[in-house]
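Student: Line order of the protein sequences matches chains R and S.
Per my numbering, the first sequence runs over residues 1 to 192.
Per my numbering, the second sequence runs over residues 193 to 349.
These aren't lab readings, by the way, just hints derived from the structure by calculation.
Note that the structure is predicted; figures quoted are calculated from it, not measured.
Treat the hints with care, as some may be off.
[What the hints assert, rightly or not] Just some of the chain S residues that point at chain R, by a computed CB distance under 8 Å:
(1) Val246
(2) Lys247
(3) Leu249
(4) Leu254
(5) Phe283
Every residue, glycine too, gets a C-beta built ideally from N, C-alpha and C.
Here is what each chain is made of, one letter per residue.
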Amino acid sequence: MPRREGGTFNAASMADIAFLLLIFFLVATTMDIDTGLSRKLPPMPDRNAQQDNKQIKERNVFVVLINAQDQLMVEGNPLDIRRLRDEAKEFIANPNNLSKLPEKELREVPYFGEYMVPKGIISLQNDRGTSYGMYIKVQNELAAAYNELRDELAMSKFGKRYENLISEQQDAVKDIYPQIISEAEPKNIGGN
Amino acid sequence: MAKFQRKGKGATPEISTASLPDIIFMLLFFFMVSTVMRETTTKVSQHLPGATEVKKLERKSLVSYIYIGQPKRTFQGMYGTEPRIQLNDAFARVNDIRDYITSEREKRDENERPLMTTSLKVDENTRMGTVTDVKQELRKANALKINYSTRKVETID
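Build the full structure now, drawing on both the sequences and the hints.
Tutor: Spelled out as structure tokens, the structure:
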């Protein structure tokens, strides 16, 4: 029996097979990276628990209302969304220690020592008729206000942007500007 | 002396296709590594709002999705044009969310359950009423970590 020669086999169909696999993966998979705004919902209030009597002073709350026509009302005045970021920053940081804006509390913060930490919180309320797009815009502006303040603080203290700090430094900055956006229990105020 | 030889008529040399499979395999591996399997087909329209302050969603295996939006054209005859909720592959009602979250939780490892996130993929034109109802259900189900899915944009007009 003659030995077969070590000839080459025809590899032309190899490309077709690979193409077939490639097309299968192109169709059956997705590449989109999910991005978004992460939030934490408050736990459901316990029915038996006592009403929380702790009142928060009015000057410490930044009230943002969105109505069914997607209009904003901030601290009792109508406001354009483009000015929301600056207003929120002004409120959270209270750079000039105005008496209308939130109080500050002397606290020990790592890296910063004794620091006057502002106590402001943001309260966001929307109507059932508000569009989701507008709601996200407002959430985004408020998040941006916090991020800019954190960046500014990190810049002045460490000379780096917030995201480039090590995690202990980030925690310290977060201690000074914690992102507190409270959402009221849903209400139906503005009809449809 | 050099001779001038006339090139042979017609017979153009063939390009070797031996490396073609290798190239295709390379592409194939790239796609296999960089993509994930599509798990659901969306039955609702999904035009997500844009935002600038977005974060990447880590650990996709711990994320469960809730889609809200207007049913796509083919489903409109049956389900109307009002925004609907979609869980997995089917349309659902608000009351179904709690069961969905429970079943999603059962699928995960015990020690990973606290890290689970619910991603809300909501169409821009939905009214907040629907979203609020969903959020209330999530609070009742004690699934408190949520993520509003958005596109990343550089500036908001």
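Student: Each of the hints needs a verdict: does it hold here or not?
Tutor: We went through each hint and held it up to the structure:
Hint on S:Val246 holds. Least Cβ distance to chain R is approximately 4 Å, under the 8 Å limit. Interface hint at S:Lys247: satisfied, since its Cβ lies 6 Å from the closest Cβ of chain R, which is below the 8 Å cut-off. With a cut of 8 Å, the hint placing S:Leu249 at the interface with chain R holds, because the nearest CB-to-CB distance is about 4 Å. At a threshold of 8 Å, the smallest CB-CB gap from S:Leu254 to chain R is about 12 Å, leaving the interface hint violated.
Contact between S:Phe283 and chain R, as hinted, is not supported at the beta carbon level, the nearest pair being about 18 Å apart and thus beyond 8 Å.
Checked against the numbered hints above, the structure violates hints 4, 5; every other hint is satisfied.
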